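Trainee: Construct the complete structure from the given sequences, taking the supplied hints into account.
Sequence order for the protein chains is A and B.
Mapped onto our numbering, the consecutive letters of the first sequence carry residue numbers 1 to 225.
Mapped onto our numbering, the consecutive letters of the second sequence carry residue numbers 1 to 422.
Wrong hints could be hidden among the right ones.
[Stated by the list, open to error] Listed below are the simulated DSS-like cross-link pairs for lysine-lysine, each with C-alpha atoms no more than 25 Å apart in a straight line:
1. A:165 with B:234
2. A:87 with B:266
3. A:221 with B:246
4. B:295 with A:221
5. A:153 with B:246
6. A:152 with B:306
7. A:165 with B:246
8. B:254 with A:18
9. B:295 with A:152
10. B:246 with A:18
11. A:153 with B:290
12. B:306 with A:201
13. B:246 with A:197
14. B:274 with A:87
15. B:264 with A:153
16. B:340 with B:264
17. A:152 with B:340
18. B:306 with A:197
19. B:295 with A:87
20. A:153 with B:306
21. A:197 with B:254
22. A:131 with A:87
23. B:254 with A:221
Bear in mind the hints are in silico, worked out from the structure with no lab data behind them.
Keep in mind it's a predicted model, so treat the numbers as computed, not measured.
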Amino acid sequence: MNLLLIEDEPHLAESIVKYLNHEDFHCEWVDNLRLALEKIHLYSYDCLLVDINLPDGNGMKIVQQLKNTKSPSGIIIISARNSVDDKITGLDIGADDYITKPFELSELNARVRSVIRRRNFDGHKEIVFHKITILPDEHHVTVNGTPVSLTKKEYDLLVYFISNKNRVLTKSAIAEHLWGDDMDMADSFDFIYAHLKNLRKKILTAGGEDYIQTIYGVGYKFGLL
Amino acid sequence: MKLLRRTNLYHSISIIIILIVSGISGYQLIRGIINKEFNEKLFADREQFLYEWHTYDNIQEVFYLNIGDRVEVEAIPAHWQLAPTLRDTVMWDDYEKKELPFRQLIFSDKLNGENYAITITKSLLPTEDMVRGMGEFVLLLTIGLILSLTFVNWQISRKLWKPFLDTLAKLSEFKIGRPSRIDFKKTNIREFDELNEIVDKMLEQSQREYTVLKEFTENASHEIQTPLAIIKTKLEILLQDPAMTKEQLEELGKINESVNRLSKLKTGLSLLTKLDNHQFQDEADIHLQKLLVTKIEDFDELLLLKGIELRVAYLADPIIRMNNELANILLNNLLSNAIKHNKPNGTLSVRLADHQLVIENTGNPLQHEPSVYFQRFKKDSTSSESSGLGLSLVKRICELYRIEVIYSEQQGVHRMELRLPK
Numbered sequence: 001m002n003l004l005l006i007e008d009e010p011h012l013a014e015s016i017v018k019y020l021n022h023e024d025f026h027c028e029w030v031d032n033l034r035l036a037l038e039k040i041h042l043y044s045y046d047c048l049l050v051d052i053n054l055p056d057g058n059g060m061k062i063v064q065q066l067k068n069t070k071s072p073s074g075i076i077i078i079s080a081r082n083s084v085d086d087k088i089t090g091l092d093i094g095a096d097d098y099i100t101k102p103f104e105l106s107e108l109n110a111r112v113r114s115v116i117r118r119r120n121f122d123g124h125k126e127i128v129f130h131k132i133t134i135l136p137d138e139h140h141v142t143v144n145g146t147p148v149s150l151t152k153k154e155y156d157l158l159v160y161f162i163s164n165k166n167r168v169l170t171k172s173a174i175a176e177h178l179w180g181d182d183m184d185m186a187d188s189f190d191f192i193y194a195h196l197k198n199l200r201k202k203i204l205t206a207g208g209e210d211y212i213q214t215i216y217g218v219g220y221k222f223g224l225l
Numbered sequence: 001m002k003l004l005r006r007t008n009l010y011h012s013i014s015i016i017i018i019l020i021v022s023g024i025s026g027y028q029l030i031r032g033i034i035n036k037e038f039n040e041k042l043f044a045d046r047e048q049f050l051y052e053w054h055t056y057d058n059i060q061e062v063f064y065l066n067i068g069d070r071v072e073v074e075a076i077p078a079h080w081q082l083a084p085t086l087r088d089t090v091m092w093d094d095y096e097k098k099e100l101p102f103r104q105l106i107f108s109d110k111l112n113g114e115n116y117a118i119t120i121t122k123s124l125l126p127t128e129d130m131v132r133g134m135g136e137f138v139l140l141l142t143i144g145l146i147l148s149l150t151f152v153n154w155q156i157s158r159k160l161w162k163p164f165l166d167t168l169a170k171l172s173e174f175k176i177g178r179p180s181r182i183d184f185k186k187t188n189i190r191e192f193d194e195l196n197e198i199v200d201k202m203l204e205q206s207q208r209e210y211t212v213l214k215e216f217t218e219n220a221s222h223e224i225q226t227p228l229a230i231i232k233t234k235l236e237i238l239l240q241d242p243a244m245t246k247e248q249l250e251e252l253g254k255i256n257e258s259v260n261r262l263s264k265l266k267t268g269l270s271l272l273t274k275l276d277n278h279q280f281q282d283e284a285d286i287h288l289q290k291l292l293v294t295k296i297e298d299f300d301e302l303l304l305l306k307g308i309e310l311r312v313a314y315l316a317d318p319i320i321r322m323n324n325e326l327a328n329i330l331l332n333n334l335l336s337n338a339i340k341h342n343k344p345n346g347t348l349s350v351r352l353a354d355h356q357l358v359i360e361n362t363g364n365p366l367q368h369e370p371s372v373y374f375q376r377f378k379k380d381s382t383s384s385e386s387s388g389l390g391l392s393l394v395k396r397i398c399e400l401y402r403i404e405v406i407y408s409e410q411q412g413v414h415r416m417e418l419r420l421p422k
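Mentor: Below, the structure is given as structure tokens:
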């Protein structure tokens, strides 16, 4: 999977590239609009991460350009402004998703994967991890061939975990993924725990393994132990 | 009390006092003068009487005295000597058919060796009438003066104070956030011109400072964003390092929490700034009931977890015109506050009526006046979970849409009432 990040802040770009360049992802980075337009002209990408505020123009131009050429690339807008207007405009002209700075890398990663999955019409869309198979369109989960019924939150959690497998996920990142910005309370951490407990139990019952590892004081890590 | 009414009141009171004092003293003065005149007249009558009494033989027929005056002549023992004496009395008057006041002059005189007591009686009625007339006149004058002075004063004051009232009206329209200047007209009254000039200078100064401050807040909150995003992502990268020890990871977790808190603060502050800058222009008809239902659904899990009993009563479905995002933030902050500061197994009640939304929750008693919590960064606990901006956002949003917020707390029951504009 080829990704292109268009972001003018080098430190931020460096982290994003580092986090995303993992497994099957290959992420390139440009820091201005001109170079970005050149790149999308020459190569095709599975997903573009576009910062709105670029030194030589508005990132929306790239979205427009891609739409004009009927490019199949997925687009995620990165903005410093948490403005509903920007979000609506961005999504209206054809972006797939919108994320506001500052964000969690794990969240960005999950969104990129989700966008690529949705865009990837010909390939298989299922998510596979060890004994777990997920059909995202049907929200169908099987473990070891056994169907497992999950609540919406448990399902979201599982997909998020698998998207960020073998990564340490902070509790706040998980909370934000599940409930958005609105839930700004420590209470939600207890909640994550409750959901995790149920998820773990359901996977184990269906014949899976314990994939969830607690990182004390930080959060959780999902993967083969 | 209005200035005009107050000046009128003072004027009227002073007029009444002055007129009462001058009325009473004038009455006394006139009465004294009339009295003196009257007595002099009685004595003049006496002279006339004595002259005629000694000059003419047949005295009874030739008295020249005024009609209504009576003269009584009575023989008295020779050795009685009566000095001329005045006294007031009341006698029956045949003509008026009632008792009337009279004044008598009594003296003795000798005629042809006989001693007589002579009484000249004169009616006091015309004098009394005159004095009463005077009194009535003074009273009428008082009333007339008060009425006309009040009217004149009112007219004059209204004209005089008009520039001042104009200034007041313009000031009340003035909003510091708006880039407008007040155009004060020249009044030709030095004090008012001075006032306008000073006010103008003050406003200009505060507007300038306000703009500087506003720009600073805007820039600061924007510029903070990128470093914050960098710290956050670098932290996440660090967290993935397999070489990290357990202790180091824990430290990183704490840094992450603080960064999150900072990031929430930033979001809240920039929202407040945007509110102050009137950047939420587009409005829509918000169905409060519908919005409440979805918002409460969002908090379902949390209510369950904390064991909070929810009571909702939708008595009406008011529609309010406001920005959609702000309506969401408003209800979200109110509900999340009511849950966040609730007790385990407490209650949360939401009641929506025609022009009113009441959210009540159990919790801890407040440590300060309820209104204090609308200030930024005012909170009872120093816990990191609340930014201290939630209620000030509520307040600002409500102000923007003329919603009145009343916060009260009684024995641990917190009540947030929103009065919607009619």
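Trainee: Please write out, lowest number first, the hints stated earlier that are contradicted by the structure.
Mentor: 4, 5, 22
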